[in-house]
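Colleague: Sequence:
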Amino acid sequence: MDMRKFFRSFKYAIEGIQQAMDEQNFRFDLMFAFIVIIAGVFTDISKTEWIILIIVIALALSLEMINTAIERVVDLASPDQHPLAKAAKDIAAGAVLVFACASVIIGLLIFLPKWINLWI
294 MDMRKFFRSF KYAIEGIQQA MDEQNFRFDL MFAFIVIIAG VFTDISKTEW IILIIVIALA
354 LSLEMINTAI ERVVDLASPD QHPLAKAAKD IAAGAVLVFA CASVIIGLLI FLPKWINLWI
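Its first residue numbered 294, the sequence shown is counted upward by one per residue in my numbering.
Hints may contain errors.
Computed beta-carbon distance windows for the label pairs [stated by the list, open to error]:
no.: 1; residue 1: 412; residue 2: 384; range: 40 to 48 Å
no.: 2; residue 1: 412; residue 2: 318; range: 30 to 38 Å
no.: 3; residue 1: 337; residue 2: 384; range: 37 to 45 Å
no.: 4; residue 1: 384; residue 2: 324; range: 24 to 32 Å
no.: 5; residue 1: 295; residue 2: 409; range: 48 to 56 Å
The set of hints was computed from the structure by calculation and includes no laboratory data.
Glycine included, C-beta positions come from ideal geometry on N, C-alpha and C.
Go ahead and model the full structure; you've got the sequences and the hints to work with.
Modeller: Spelled out as C-alpha cells, the structure:
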C-alpha cells in the first residue's frame with residue numbers, strides 16, 4: 294500500500310469537511326449536534342444511548358455532506374435549470390429532511406422520559 298496516497302486521502306477528506314463547513318445547513322446541523330451533546334452530558338443517558346446519539350449525529354452530518362455533493366455535481370452537469378436537475382436536488386434534500394425528522398424522534402425518545410422523570 295502506498296502510504297503517501299493513503300494519507301493524501303485524509304487530506305482530501307478534511308478539505309471536504311472544510312468545504313461542508315461553508316454550507317449554512319451543515320453549520321445548523323453542527324449547532325444542533327452540539328446542543329444534543331451538551332444535553333447528553335447533563336442528562337443521565339446510558340452508554341447505549343450515547344452510541345445511538347453519536348451514530349445519529351454522524352449520519353445526519355454525513356447525509357448533509359452527501360446532499361451538498363449531489364447539489365454541486367448537478368450544478369456542474371446542468372448549469373441551466375432543468376426539471377431532472379431540480380428533481381435530483383429536491384430528492385437529495387428530501388432524504389436529509391426524512392433523516393432529520395427521524396433524528397428528532399430518536400432524540401425525543403431518549404431525552405423526554407428522563408426529563409419527565411425529573412419533574413415527577
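Colleague: Run every hint past the structure and note whether it holds.
Modeller: Checked hints:
no.	hint	in the structure
1	412 / 384: 40 to 48 Å	holds (42 Å)
2	412 / 318: 30 to 38 Å	holds (34 Å)
3	337 / 384: 37 to 45 Å	holds (39 Å)
4	384 / 324: 24 to 32 Å	holds (25 Å)
5	295 / 409: 48 to 56 Å	holds (55 Å)
Every hint from the earlier list agrees with this structure, and none is contradicted.
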